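So the protein lines, in turn, are chains A, B and C.
Convert by adding 12 to the 1-based position in the first sequence; the result is the number in the working numbering.
Convert by adding 3 to the 1-based position in the second sequence; the result is the number in the working numbering.
Each step along the third sequence adds one to the number in the working numbering, with nothing skipped, and position 283 is 275.
Rather than coming from a laboratory, the hints here were simulated on the basis of the structure.
Small disclaimer: the values here were computed from a predicted structure and weren't measured.
It cannot be assumed that every hint is accurate.
To be verified - List of simulated lysine to aspartate or glutamate pairs, DMTMM-like, C-alpha gap at most 25 angstroms:
no., chain 1, residue 1, chain 2, residue 2
1, A, K186, A, E328
2, A, K103, A, D126
3, C, K420, B, E83
4, A, K119, A, D320
5, A, K331, B, D42
6, A, K103, C, D190
7, A, K301, A, E336
8, A, K278, C, E(-6)
9, A, K69, A, E259
10, A, K342, A, D326
11, C, K451, A, E162
12, A, K103, A, D145
13, A, K103, C, E191
14, A, K183, A, E162
15, C, K345, A, E249
16, A, K195, C, D95
17, A, K278, C, D190
18, A, K195, C, E191
19, A, K195, B, D42
Read off the chains here:
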Amino acid sequence: MKITSKLLLSTAAFMLAGALPADAAWQPQKPIEFVATAGPGGGTDNLARAVQSIITKYKLTDQPVVVVNKGGGSGAEGYVYGKASAGDPYKVIFGTSNAWQQPLVSKVAFNYTDLTPIAAMAQDEFLLWVKQDAPYKTASDFLKAAAATEFKMGGAQSKDTDEVLTRMIEKAAKVKFTYIPFKSGAEAAVQLAGGHIDAHVNNPSESLGQWRGSTQRPLCAFSPKRLPQGPKVTTSEGWSDVPTCVEQGLAISQYEQPRTVWLPGKVSPEQAAYYVDLMKKVQATPEWKEYIEKTSQVDTFLTGTAFDNFIKQDLEHVKQVAGEQGWLVK
Amino acid sequence: MISRRALEIAAAVLTGIFGVVVVVSSLDNGIGWSSAGVDAGTFPFLTGIIIVLGSLYNLGQGALGRGTLAIVRVAVTPSELRRLAGLFVPAAIFVAVIPMVGMYLASAAYVFAVLALPRRRSVLSALVIAAATPLALYVVFERMFHVSLPHGALAAAFGF
Amino acid sequence: MENLESLLHGFTIAVTVPHLTLMVIGVLLGILVGVLPGLGAPNGVSLLLPLTFGMQPVSAIILLSSMYWGALFGGSVTSILFNIPGEPSSVATTFDGYPMARDGRPTTALATAFGSAAFGALVGVILITFLASWVAQVALAFGPPEYFAVYFLAFASFVGMGGAAPIKTVVALAIGFAIAAIGIDTVSGSVRLTMGIDELVKGVSFVVAVMGLFGIGELLIAVEEEFSARAVSSRVDWKEVFRALGRLPHHGIALLRSAAIGCWMGITPGGPTAASFMSYGIAKRFSRNGARFGTGEAEGIVAPETADHAAGTSALLPMLSLGIPGSATAAVMMGGLMIWGLNPGPMLFVDQKDFVWGLIASMYVGNIVAVALVLLTVPVFAALMRIPFAVIAPLIVIICVVGAYSVSNSYLDVVLMLGFGVVGYLFKKLHYPLAPLVLAIVIGDKAEDAFRQAMLMSKGSLGIFFANRLVTTLVLAGIALLLLPLALQIVRLLRKPDVSAQEKVRII
């Protein structure tokens, strides 16, 4: 059946060839499915929908693009689906670093090697947040207080990016936190506003409204240099006014969460190249810049070996933390 | 004919097996309640135990012919069973062939078979309903809401 | 009355010809996705979202929220006519709505449901208008122990009702909890109860379970009993629509009580599903006609519908003021807000006055538009009951199959749905109650998460459930509701030991 379908596809491509530029190696011939490994409204879902609307607006492909949410099991549902669709170039999976982190710490039925990496498109920053009326003015005040009592640190999901960062802070500052996992960063933000937890490490977009509304404020950013100057968030401060954690004596110079794009395994290099090119075109539009700015993310584009190296580095790092915490699945 | 006793026993055995599966697989997740919180397997384990115990009780009650429905002896008469099978068997076949022929073809064939074969409807009206169903599905799901229904291996072979 | 002024200003934004047109389009689309099980408001919202990027944020949100209202109303239609709840929050509507429709009164059932739903929504909007800042504060007071206490309260008010054998009820409830636990566990991040099926890591969707248990299960029962719906008169019966609406004030107490429960559960984390179950449970316990609940009592439709819509409406407030979406639809809307450059959160009410009050005003107008349109459709939907059973049965099977598939484009879900159908038939036949099972599937995992988060905070001590006034009150109220039926039973037994209730009760 495979052979027949290929044959028919190539015949179809041949018939259409007159209408296409000569160098077009592979073009989609049927609707493309964007699989968001998050529920509606989540960061990954927003990315998939932003890319979809840009593609539609600029007619970057003739085929319709449909977004499907497969966010069950902290995203595992979407990756497992991608694994099961091996060889199908019409399914594009949008995820985060949990594509390679999740298989380390829980018994999910996929690994990132089952998928074909396309690109990492944007990076979300992490900040350390406390309640507005908390007595600590700086990160070092906070860590001093944390050394005396065990603080409650909230975050999205368990053994995921938020908890990994929490454990890294514990180690760097020699303190101990009780980590409380919630469903999402937004939930953790509300719990902090209500005073049920002491801190969390949300992304900028997850707590932007809370900062503007003076219910919580960032102490430091886990970034090598200060975040880019944007419009002021509160009356007096913007993202660039938040010191880096290193400035504050917390030696974690960089921690970011990439938004990643994948194809199922066993697709041809031409098909992968088509989507790399498509994502590049998306990234060149003003709408993309606007999306990046509104969600306070960092624009990056990693593909090919650069992306592979990034994954390998991150994997080493997470393996180390997970190993120390005894999270690794046997 | 299926007696109520047999049905009660079957249901209790079914829930009991489910309970055992839940207990066994929750052991993998760890059971415990300490100052570090409650382990992932603890609550599933407890619910599994409750299901097993409850099923044993229901099994006993059913076998002894006691309980809420004690007066009812016969659960399903032969003619009722025929009608049940008449609905369920075609539905199960319909579901079974979806991966092969896809939702559209399967639903059309299913509607036609259920309406025309037992002569509930004239062949013509059955044909009309059988053709209208997948068409309506296509328009609403595939076109309006961009929800793609399974096209089946057959369609894939033809490059759709 | 600063709020009133803002509201009047909001009306000038909402009541314009283009906005009214958008409302009608939104509501009609919403009714369509609401009626079709498997498609829900999230499908419609995500479909419209790309179209709205070119609009003013306030126009866009009016379109999307009108669709939300339409979908809420539409969700009750299949519950009443075919016993297939399209949304978790309309399960409780099937308990009396479906028997009433089967009894030849689909028009009455639909009109009663829509009328009380509109009342609930109205109370919810009024609450938002006048108590917005207070509501936001209340929602902040809820941490994990309080969340758990709210879920416990919902269970306590519902469990123990119905005439089923107690052990069968316990087994059904426990099975529901186990099904809710399938998939990835939030608190530990580990995979639970997948029983060797990799795809189950996503969990078992509620829609898949109820479409099997209720839809297919009921179909099997109906075919076995050689059921044919009692002849519905072919005349379009407009008078009955108004008669049913006119009878609503007779249920005044139920309306007010259910609206209060709904608003409370909407602003606390309980949500519409817990609200409708709780409202039904309490109505059954306190109504004069409580014993006849489950056989097509109007009050059994009024209670869950009013609470569902009151909760669905007031749940939008925490979303706007705190940024926590109460439902999947709200989450998509919130995603939209962010793409339009608006950040939900405490500042929205200060920064974006036009937007917020335009939206709130549109809630009033949108609901009126929605109820008017939906009442117009009642005779059309009621006419569906006249289609012969032989034709409608395979169509219901197809609707359930397509619905189960479209939840997450998974064939496994279709097979599971059919399996749930057999279980639903078997359970119904042997008087295992389905409602506790469904309630446990819907809020079981949330209750468990909240409990275990609380245990992390308290280092394993149960004392956290009595740590402050709010949580203590909630827990004590739950315990009281749990013990009340038991106490009543004992009193009744002491008084007249010879009269046992031999009425035929519908097991729900």
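Consistency of the hints with the structure:
{"no.": "1", "hint": "K186/A with E328/A", "result": "22 angstroms, holds"}
{"no.": "2", "hint": "K103/A with D126/A", "result": "14 angstroms, holds"}
{"no.": "3", "hint": "K420/C with E83/B", "result": "15 angstroms, holds"}
{"no.": "4", "hint": "K119/A with D320/A", "result": "23 angstroms, holds"}
{"no.": "5", "hint": "K331/A with D42/B", "result": "23 angstroms, holds"}
{"no.": "6", "hint": "K103/A with D190/C", "result": "19 angstroms, holds"}
{"no.": "7", "hint": "K301/A with E336/A", "result": "39 angstroms, violated"}
{"no.": "8", "hint": "K278/A with E(-6)/C", "result": "63 angstroms, violated"}
{"no.": "9", "hint": "K69/A with E259/A", "result": "43 angstroms, violated"}
{"no.": "10", "hint": "K342/A with D326/A", "result": "20 angstroms, holds"}
{"no.": "11", "hint": "K451/C with E162/A", "result": "11 angstroms, holds"}
{"no.": "12", "hint": "K103/A with D145/A", "result": "47 angstroms, violated"}
{"no.": "13", "hint": "K103/A with E191/C", "result": "17 angstroms, holds"}
{"no.": "14", "hint": "K183/A with E162/A", "result": "14 angstroms, holds"}
{"no.": "15", "hint": "K345/C with E249/A", "result": "23 angstroms, holds"}
{"no.": "16", "hint": "K195/A with D95/C", "result": "44 angstroms, violated"}
{"no.": "17", "hint": "K278/A with D190/C", "result": "20 angstroms, holds"}
{"no.": "18", "hint": "K195/A with E191/C", "result": "20 angstroms, holds"}
{"no.": "19", "hint": "K195/A with D42/B", "result": "17 angstroms, holds"}
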